[in-house]
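If you're matching them up, the sequences are chains A and B in order. Residue 1 is where the first sequence starts when you use my numbering, and the numbers rise one by one after that. Residue 1 is where the second sequence starts when you use my numbering, and the numbers rise one by one after that.
Calculated from the structure, these hints are not laboratory results. Some clues are possibly wrong.
To be verified - Listed next, the in silico BS3-like pairs over lysine-lysine satisfying Cα-Cα at most 30 Å (straight line):
(1) K167/A - K84/B
(2) K167/B - K167/A
(3) K167/A - K146/B
(4) K174/A - K184/B
(5) K167/B - K146/A
Bear in mind the structure is a predicted one, so any value in this text is a computation, not a measurement.
Number of protein chains: 2
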Amino acid sequence: MSDKPHVMIHSSWYPPALARLDEIAITHHLYKADDKAAFLAEHGPKCSAIGTMHSCDVSLIEACPNAELILNFGVGYDGVDVAKASERGIKVVNTPAVLNDCVADMALALLLSSRRRVVHADAYARAGRWAAEGDYPYTLNAHSTKVGIVGLGRIGMEIANRCAAFKMEIAYHKRTPRDDVPFKYYADLVEMARDCDIMIAITPGGDATRNLISRPVMDALGPEGLLVNVARGSVVDHDALIAALNEGTLGAAALDVYPSEPNIPEALFEMRENVVLTPHIASATHYTRMAMGMVLYDNLKAKTEGRELITPVN
Amino acid sequence: MSDKPHVMIHSSWYPPALARLDEIAITHHLYKADDKAAFLAEHGPKCSAIGTMHSCDVSLIEACPNAELILNFGVGYDGVDVAKASERGIKVVNTPAVLNDCVADMALALLLSSRRRVVHADAYARAGRWAAEGDYPYTLNAHSTKVGIVGLGRIGMEIANRCAAFKMEIAYHKRTPRDDVPFKYYADLVEMARDCDIMIAITPGGDATRNLISRPVMDALGPEGLLVNVARGSVVDHDALIAALNEGTLGAAALDVYPSEPNIPEALFEMRENVVLTPHIASATHYTRMAMGMVLYDNLKAKTEGRELITPVN
Numbered sequence: 001m002s003d004k005p006h007v008m009i010h011s012s013w014y015p016p017a018l019a020r021l022d023e024i025a026i027t028h029h030l031y032k033a034d035d036k037a038a039f040l041a042e043h044g045p046k047c048s049a050i051g052t053m054h055s056c057d058v059s060l061i062e063a064c065p066n067a068e069l070i071l072n073f074g075v076g077y078d079g080v081d082v083a084k085a086s087e088r089g090i091k092v093v094n095t096p097a098v099l100n101d102c103v104a105d106m107a108l109a110l111l112l113s114s115r116r117r118v119v120h121a122d123a124y125a126r127a128g129r130w131a132a133e134g135d136y137p138y139t140l141n142a143h144s145t146k147v148g149i150v151g152l153g154r155i156g157m158e159i160a161n162r163c164a165a166f167k168m169e170i171a172y173h174k175r176t177p178r179d180d181v182p183f184k185y186y187a188d189l190v191e192m193a194r195d196c197d198i199m200i201a202i203t204p205g206g207d208a209t210r211n212l213i214s215r216p217v218m219d220a221l222g223p224e225g226l227l228v229n230v231a232r233g234s235v236v237d238h239d240a241l242i243a244a245l246n247e248g249t250l251g252a253a254a255l256d257v258y259p260s261e262p263n264i265p266e267a268l269f270e271m272r273e274n275v276v277l278t279p280h281i282a283s284a285t286h287y288t289r290m291a292m293g294m295v296l297y298d299n300l301k302a303k304t305e306g307r308e309l310i311t312p313v314n
Numbered sequence: 001m002s003d004k005p006h007v008m009i010h011s012s013w014y015p016p017a018l019a020r021l022d023e024i025a026i027t028h029h030l031y032k033a034d035d036k037a038a039f040l041a042e043h044g045p046k047c048s049a050i051g052t053m054h055s056c057d058v059s060l061i062e063a064c065p066n067a068e069l070i071l072n073f074g075v076g077y078d079g080v081d082v083a084k085a086s087e088r089g090i091k092v093v094n095t096p097a098v099l100n101d102c103v104a105d106m107a108l109a110l111l112l113s114s115r116r117r118v119v120h121a122d123a124y125a126r127a128g129r130w131a132a133e134g135d136y137p138y139t140l141n142a143h144s145t146k147v148g149i150v151g152l153g154r155i156g157m158e159i160a161n162r163c164a165a166f167k168m169e170i171a172y173h174k175r176t177p178r179d180d181v182p183f184k185y186y187a188d189l190v191e192m193a194r195d196c197d198i199m200i201a202i203t204p205g206g207d208a209t210r211n212l213i214s215r216p217v218m219d220a221l222g223p224e225g226l227l228v229n230v231a232r233g234s235v236v237d238h239d240a241l242i243a244a245l246n247e248g249t250l251g252a253a254a255l256d257v258y259p260s261e262p263n264i265p266e267a268l269f270e271m272r273e274n275v276v277l278t279p280h281i282a283s284a285t286h287y288t289r290m291a292m293g294m295v296l297y298d299n300l301k302a303k304t305e306g307r308e309l310i311t312p313v314n
């Protein structure tokens, strides 16, 4: 009989990384099951860990009454009921640090694509409009602009370092100012938006930041302003966003995250010149997804061998 | 009678900047004329300067026999017959330095858009494929890659500074190595391509660099390699490029320039996943186009007032 721990896999992650987990665990793939209730009833009780990507609610925790560990593939754990886990003595681990670079890269990819209109210009070129209609319209520049970063944690710092190379002036907003950065701090988000050309959201999700980027913030960014979101969809008031873009009080948006994924508000689909939409791929590179999976692997191994967890969040 | 110099404007540039020229010159807009020969015959002889964007051949020079100055809107002057101009004692000025940042921004916009598949992922999102088909495929990463810059002049250095912020390892190729940079120098382009994930071309055009990026260079970059071109279309062998992309020996290309602009080789149009195409917009921001126009304005003013030219190329 194997002494490998059983793990209930609620949602799949990067397959090569998930495959590595089978070296040290017996995995039960709930997302593949047709009858999920029956699957949970059969395998839930023997599982000492739950693996998930973003989402783990009370019912899943209760279906695995012997779980001691939740492996969350991702840095954001706003979809995991950490309070309930803590109450039951279950530890939660996430995958911080290893995705910082890829998420920061994506923030800049969105920023530059939007300011320089790469997506729309590509369509213009492919439609033969350059030869038929003449030069593509002039765009706004990216360098030498003022950027406000909402949330200056580890990923925010990576974004700031990249923005600095583009000679951007950097400001930031978070609850409490940092004492280790030379960037201007704003306690008030509307005030920061008024002083900035570009705003990048990279703050944690959850109730504390819900609709933090509100209509007044968008209007303060202004008709030439750009909002980039690589945080969570919940951070931006999307009804307000659609209205602000339609009315032109906000110039542009470049989004990787949405309130109700994998759905994207359809009103954004026809905004082709000033909106860039990517399907939550900020950390979705082979390189980073493998690194994220190995952080969970290492945590499970540590737990099994009685060592301290590496990246606990509770 | 005005003592403003007459200027033959061969091709239009950023209208607000061109309008500024009328403060200090009488401009004749050849590109608007139906009968160009008649227009040149009437206005050519009185012009002491020619204004152009990239192109000024012998016939234009000969049609303006009293020209003493050619104003070239752009840093590349491979379309200007500088040899013929020099022979006739005509000075040529261009617009260096002021466009460095925007061109470097565009190089990174193309690099990041391609590596992270922004254009294709945007189309995937807008088509509703995320909800219907599932997550977008994993992509290659941008950070921590090896980039080879072909041409390490002023723009190349701006590109290198930006790449460094993405933790890329930087190498370069030019005719003679620089003694003021810490980057690895390659005399051989195929060798550099073999060692790199990404190659960025930002070398001057003209005969000396024609088809410098050849099939062997592309094949050495390899099936996961990316070629970014913000130099001139002539620098890349486009027949070889199309073949290399079709056969998969080169992974991806992101291009802002083409051999026969405003035409783009149509074989590239259907390559949607791994090719990004922009219509020569690297310096086409309001900010930079105005700055470029003012460099020509300042040169013409200096010439009129008997001062030294600011940015002569011959």
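Hint check results:
1. At roughly 40 Å between alpha-carbon atoms, K167/A and K84/B are farther apart than 30 Å, so this suggested pair is violated.
2. About 17 Å separates the Cα atoms of K167/B and K167/A, which keeps this hinted pair within 30 Å; it holds.
3. Our distance criterion of 30 Å between C-alpha atoms is met by K167/A and K146/B, whose separation comes to about 23 Å.
4. Distance check on the hinted pair: K174/A and K184/B sit about 40 Å apart at the alpha-carbon level, beyond 30 Å; violated.
5. As the CA atoms of K167/B and K146/A are separated by approximately 23 Å, the hinted pair is consistent with the 30 Å bound.
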